[in-house]
Amino acid sequence: MTADPSRMRPLASGIVFGLALASASAIHAQTPDPAQAPVQMLCDRLIANMKGGAQLGFSGRAAAIGPVVDRAFDLPLMTRLTIGPQWNTIGASDQSALVSAIRKLTVNQYAANFDSYDGQRFTVDPKVEARGADRLVRTSLIQRKDQPVAIGYRLRQSGNGWKIIDVYYQNSISQLATRRSDFARVFQTGGAKALLKHLDDLANRAGH
Amino acid sequence: MSVSALVPLGLLLAAPDPQATAPATQAPVTAPAHEAPTSQPAPPAEAVPATAAAAPEQSRHVRHAPGDPLEGFNRAMFSFNTSLDKAIVRPAAMGYKTVVPRPARSGLRNALANLNEPVVFLNDVLQLKPGNAFRTFSRFLINSVFGLAGLFDVANHEGLPHRKNGLGNTLGRYGVKSGPYLYLPVLGPSSLRDAVGGVGDGAVLPNAVGEPFDRTDYRIGTAVVSGLDARVQYDSEIKTLYDTSLDPYATLRSVYQQSRAADIAAITGKPEASPDDTMEDDLKDPAASPEAAPVQSPPAGTTAPEATPTEAAPPPPDATLPKAAPSAGPK
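In order, the protein sequences belong to chains P and F. Residue numbers for the first sequence follow this note's numbering, so the first one is 436 and each next one is one higher. Residue numbers for the second sequence follow this note's numbering, so the first one is 459 and each next one is one higher.
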């Protein structure tokens, strides 16, 4: 039926209008950008970890967040980007060891930092920005006693979904850039082996 | 409970502050608040040297990082500040914290920040930001009158929080690049542009008002107070920096540069080139570069070959800054 409101009775036009609205909002509700999903999953798990806090203990929190980190982040790509072009000069076994080291560091830091709950919550901005082929999802950590903290995630398509490749603190400080800078000297002076050792120390330091 | 699992939270807060330290900056020499980054004892000592120990000879050949042509000098100043902090600054700051009660400390901090609002205002005007200038002016007026000469930050509760601003930002607004990164003795992280800006900001009140701002004892006194206060405020952040980095010097540099680039971008509305900007970078996967496959096999599993390309590699990244770096290829 063609919807020409002038010919319809008010009730009918009301129904049509209502349906139109309903379907519009249904479409709207169905379109959360798929890039939001991994971010939302990470935020939910972090809050759960904070609520579990002391009961879970460090290792409990690490065990809970580990699989989420695996699903939400593209750890191999993050590792390659952190090392930069010299990645290609590293042997395969060291390459995979570096990915594992970055994973352990990430997991341990999440387990150490998000360890107790005091009414915090995350809001995920429904507006997803495009950065070339990548997506930028902005979140905010709302705290009771402190100012909200803006945390942004850059995601890249990976297989059927999206995975996080960088994290921005206060929308301006990139974790990737900071790590690149932090790791560069150790890598340049001691190579992959030295970096592996230092990353392991760093991860263990976070874990106690 | 703390926030950034990924990026050391504290240093993120601390680093941008050098600029914020503006309050302390009546005297250019003043911003010892910058000492904040200077730092905390124990862990650092292990952190950096451990690296050096890994390959003492090679470290001499390492080129400076992009955006840090004075890295040698800067690193020397970083370790100088670290020792100074350990021996004098931190103990003095902890003493200040013990002796001076919290309300008195925050009152002093507010009052000094309030005295700097005219400098913020001037920079708002120079940046052609009338809205900001009006807010700064209102803030100054409210705090000076109702906040008892600035001792209480009443305006903050009225939706007019303190905003950092200074000549470094104004210069950036008009296209002046940051220039080389500088790690200054006592003052901490800066850049050529920001250091010049700090001197300019510090000259405003002494020249425009005179007494007491032009008195050396006043300058030193306020510098010491605000420096100690900042050191107290950032104590845990500084500890975080050392606890969560392999190379605290480089981490702090990166955070400082990113944060300053964001400050300038917020004023101009366009991204400011920063050696550490990943936001505007297309982040090409190094493994996807054409050289990736062939190069990968030969040096498999060894440490030594990795060090060699390093010496050859820096030129391309240096020349192109990080944006092109990933695609520059290893050789």
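Careful, some of the hints might be misleading.
[Said to hold, decoys possible] Calculated pairs, DSBU-like style, for lysine-lysine (alpha carbon to alpha carbon, straight line, at most 30 Å): (1) Lys-544/F <-> Lys-587/F; (2) Lys-728/F <-> Lys-539/P; (3) Lys-697/F <-> Lys-632/P; (4) Lys-728/F <-> Lys-555/F; (5) Lys-635/F <-> Lys-622/F; (6) Lys-635/F <-> Lys-555/F; (7) Lys-632/P <-> Lys-742/F; (8) Lys-486/P <-> Lys-562/P; (9) Lys-539/P <-> Lys-628/P; (10) Lys-544/F <-> Lys-632/P; (11) Lys-555/F <-> Lys-544/F; (12) Lys-580/P <-> Lys-635/F; (13) Lys-555/F <-> Lys-562/P; (14) Lys-562/P <-> Lys-580/P; (15) Lys-587/F <-> Lys-635/F; (16) Lys-628/P <-> Lys-635/F; (17) Lys-544/F <-> Lys-562/P; (18) Lys-580/P <-> Lys-486/P; (19) Lys-728/F <-> Lys-742/F; (20) Lys-632/P <-> Lys-539/P; (21) Lys-544/F <-> Lys-742/F; (22) Lys-555/F <-> Lys-742/F; (23) Lys-635/F <-> Lys-544/F; (24) Lys-580/P <-> Lys-697/F; (25) Lys-562/P <-> Lys-728/F; (26) Lys-622/F <-> Lys-728/F; (27) Lys-697/F <-> Lys-587/F; (28) Lys-697/F <-> Lys-486/P; (29) Lys-742/F <-> Lys-580/P; (30) Lys-587/F <-> Lys-628/P; (31) Lys-635/F <-> Lys-539/P; (32) Lys-742/F <-> Lys-562/P; (33) Lys-622/F <-> Lys-697/F; (34) Lys-742/F <-> Lys-587/F; (35) Lys-632/P <-> Lys-580/P.
Since the hints were derived computationally from the structure, they do not count as laboratory data. Every value quoted in this text rests on a predicted model; they were computed, and no experiment measured them.
Hint-by-hint comparison with the structure:
no.: 1; hint: Lys-544/F <-> Lys-587/F; verdict: violated, 42 Å
no.: 2; hint: Lys-728/F <-> Lys-539/P; verdict: violated, 36 Å
no.: 3; hint: Lys-697/F <-> Lys-632/P; verdict: holds, 21 Å
no.: 4; hint: Lys-728/F <-> Lys-555/F; verdict: violated, 41 Å
no.: 5; hint: Lys-635/F <-> Lys-622/F; verdict: holds, 19 Å
no.: 6; hint: Lys-635/F <-> Lys-555/F; verdict: violated, 38 Å
no.: 7; hint: Lys-632/P <-> Lys-742/F; verdict: holds, 27 Å
no.: 8; hint: Lys-486/P <-> Lys-562/P; verdict: holds, 28 Å
no.: 9; hint: Lys-539/P <-> Lys-628/P; verdict: holds, 16 Å
no.: 10; hint: Lys-544/F <-> Lys-632/P; verdict: holds, 27 Å
no.: 11; hint: Lys-555/F <-> Lys-544/F; verdict: holds, 16 Å
no.: 12; hint: Lys-580/P <-> Lys-635/F; verdict: violated, 38 Å
no.: 13; hint: Lys-555/F <-> Lys-562/P; verdict: violated, 44 Å
no.: 14; hint: Lys-562/P <-> Lys-580/P; verdict: holds, 27 Å
no.: 15; hint: Lys-587/F <-> Lys-635/F; verdict: holds, 20 Å
no.: 16; hint: Lys-628/P <-> Lys-635/F; verdict: violated, 37 Å
no.: 17; hint: Lys-544/F <-> Lys-562/P; verdict: violated, 47 Å
no.: 18; hint: Lys-580/P <-> Lys-486/P; verdict: holds, 17 Å
no.: 19; hint: Lys-728/F <-> Lys-742/F; verdict: holds, 22 Å
no.: 20; hint: Lys-632/P <-> Lys-539/P; verdict: holds, 12 Å
no.: 21; hint: Lys-544/F <-> Lys-742/F; verdict: violated, 42 Å
no.: 22; hint: Lys-555/F <-> Lys-742/F; verdict: violated, 48 Å
no.: 23; hint: Lys-635/F <-> Lys-544/F; verdict: violated, 34 Å
no.: 24; hint: Lys-580/P <-> Lys-697/F; verdict: holds, 22 Å
no.: 25; hint: Lys-562/P <-> Lys-728/F; verdict: holds, 20 Å
no.: 26; hint: Lys-622/F <-> Lys-728/F; verdict: holds, 19 Å
no.: 27; hint: Lys-697/F <-> Lys-587/F; verdict: violated, 37 Å
no.: 28; hint: Lys-697/F <-> Lys-486/P; verdict: holds, 26 Å
no.: 29; hint: Lys-742/F <-> Lys-580/P; verdict: violated, 40 Å
no.: 30; hint: Lys-587/F <-> Lys-628/P; verdict: violated, 52 Å
no.: 31; hint: Lys-635/F <-> Lys-539/P; verdict: violated, 38 Å
no.: 32; hint: Lys-742/F <-> Lys-562/P; verdict: holds, 25 Å
no.: 33; hint: Lys-622/F <-> Lys-697/F; verdict: holds, 24 Å
no.: 34; hint: Lys-742/F <-> Lys-587/F; verdict: violated, 37 Å
no.: 35; hint: Lys-632/P <-> Lys-580/P; verdict: violated, 38 Å
In this structure, the earlier hints numbered 1, 2, 4, 6, 12, 13, 16, 17, 21, 22, 23, 27, 29, 30, 31, 34, 35 are contradicted, and the remaining ones agree with it.
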